[in-house]
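> In case you want the letters, here they are:
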Amino acid sequence: QQQVKQSPQSLIVQKGGISIINCAYENTAFDYFPWYQQFPGKGPALLIAIRPDVSEKKEGRFTISFNKSAKQFSLHIMDSQPGDSATYFCAARGNAGNMLTFGGGTRLMVKP
Amino acid sequence: GAGVSQTPSNKVTEKGKYVELRCDPISGHTALYWYRQSLGQGPEFLIYFQGTGAADDSGLPNDRFFAVRPEGSVSTLKIQRTERGDSAVYLCASSLGSASETQYFGPGTRLLVL
Numbered sequence: 019q020q021q022v023k024q025s026p027q028s029l030i031v032q033k034g035g036i037s038i039i040n041c042a043y044e045n046t047a048f049d050y051f052p053w054y055q056q057f058p059g060k061g062p063a064l065l066i067a068i069r070p071d072v073s074e075k076k077e078g079r080f081t082i083s084f085n086k087s088a089k090q091f092s093l094h095i096m097d098s099q100p101g102d103s104a105t106y107f108c109a110a111r112g113n114a115g116n117m118l119t120f121g122g123g124t125r126l127m128v129k130p
Numbered sequence: 024g025a026g027v028s029q030t031p032s033n034k035v036t037e038k039g040k041y042v043e044l045r046c047d048p049i050s051g052h053t054a055l056y057w058y059r060q061s062l063g064q065g066p067e068f069l070i071y072f073q074g075t076g077a078a079d080d081s082g083l084p085n086d087r088f089f090a091v092r093p094e095g096s097v098s099t100l101k102i103q104r105t106e107r108g109d110s111a112v113y114l115c116a117s118s119l120g121s122a123s124e125t126q127y128f129g130p131g132t133r134l135l136v137l
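Line by line, the protein sequences are chains L and P.
Just so you know, we're using my numbering here: the first sequence kicks off at 19 and counts up by one.
Just so you know, we're using my numbering here: the second sequence kicks off at 24 and counts up by one.
It is possible that some hints are incorrect.
To be verified - With a straight-line Cα cutoff of 27 Å, these simulated BS3-like cross-link-like pairs (lysine-lysine) come out:
id, chain 1, residue 1, chain 2, residue 2
1, L, Lys-60, P, Lys-34
2, L, Lys-60, P, Lys-101
3, L, Lys-33, L, Lys-86
4, L, Lys-86, L, Lys-23
5, L, Lys-33, L, Lys-89
6, L, Lys-60, L, Lys-23
7, L, Lys-60, P, Lys-38
8, L, Lys-86, L, Lys-75
9, L, Lys-76, L, Lys-89
Simulated from the structure, these hints should not be mistaken for lab results.
Only a predicted model underlies this, so the values are computations on that prediction, with no experimental measurement involved.
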């Protein structure tokens, strides 16, 4: 069964700190790894994504680190802000189908 | 431009009733996806359309669930004989095409089965 495991389930960070969320997967056929941000009552919104042929991708304060051999990837949010408080989901797409397999989510709270 | 829209935003129904949930994808997007998100969990794939045809319906939990996209644009997810366990947020997403990686999600329909 395709699974993506995400940790931690919840995270509290002080304003200005670094938030780190980790994901691990089993299926080596996954070829695209997006991170989504979801605010209460809203649908998930794409934050940043990476393909397995690169080890890191940075967009502004958001960085994905990807370790293909360990089948792990992580999201780093630098200089975390209260407005970043949301639920974050990692996901993976298999090359045999277009559906996304999501992790269980991380509820991030950034304290002012 | 307009994003993915879903109607209704909330739906309350009684056990055993039939419901229809509608999704309006981004104009020009040929791929459309339905996911279900239970409280405190990540979205789970239900079905994927490329154009008018269901390319993958492996995520539909049972034969009470059915989805259509007759003209390759708007899609309707239909749930027969609803059960309390069907209560969840039903999310729709669309992408430019089957090869396009980015899926854009709508706000979801919150279904509550009493």
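> Does each hint hold? Answer for all of them.
Against the structure, the hints come out as follows:
1. Taken as a hint, the Lys-60 (chain L) and Lys-34 (chain P) pair is honoured in the structure, with Cα atoms around 16 Å apart against an allowance of 27 Å.
2. For the given pair, Lys-60 (chain L) sits about 22 Å from Lys-101 (chain P) by alpha-carbon distance, which is consistent with the 27 Å threshold.
3. Restraint check for Lys-33 (chain L) and Lys-86 (chain L): not satisfied, since their Cα atoms lie roughly 31 Å apart, outside the 27 Å limit.
4. Our distance criterion of 27 Å between C-alpha atoms is met by Lys-86 (chain L) and Lys-23 (chain L), whose separation comes to about 15 Å.
5. Distance check on the hinted pair: Lys-33 (chain L) and Lys-89 (chain L) sit about 30 Å apart at the alpha-carbon level, beyond 27 Å; violated.
6. Of the supplied pair hints, the one linking Lys-60 (chain L) and Lys-23 (chain L) holds, its CA atoms being roughly 23 Å apart against a limit of 27 Å.
7. At most 27 Å may separate the alpha-carbon atoms for a hinted pair to count; Lys-60 (chain L) and Lys-38 (chain P) meet this at roughly 26 Å.
8. Restraint check for Lys-86 (chain L) and Lys-75 (chain L): the C-alpha separation of about 14 Å stays at or below 27 Å, so the hint holds.
9. A threshold of 27 Å between alpha carbons decides the hint, and for Lys-76 (chain L) with Lys-89 (chain L) the separation of about 19 Å falls inside it, so the pair holds.
Checked against the numbered hints above, the structure violates hints 3 and 5; every other hint is satisfied.
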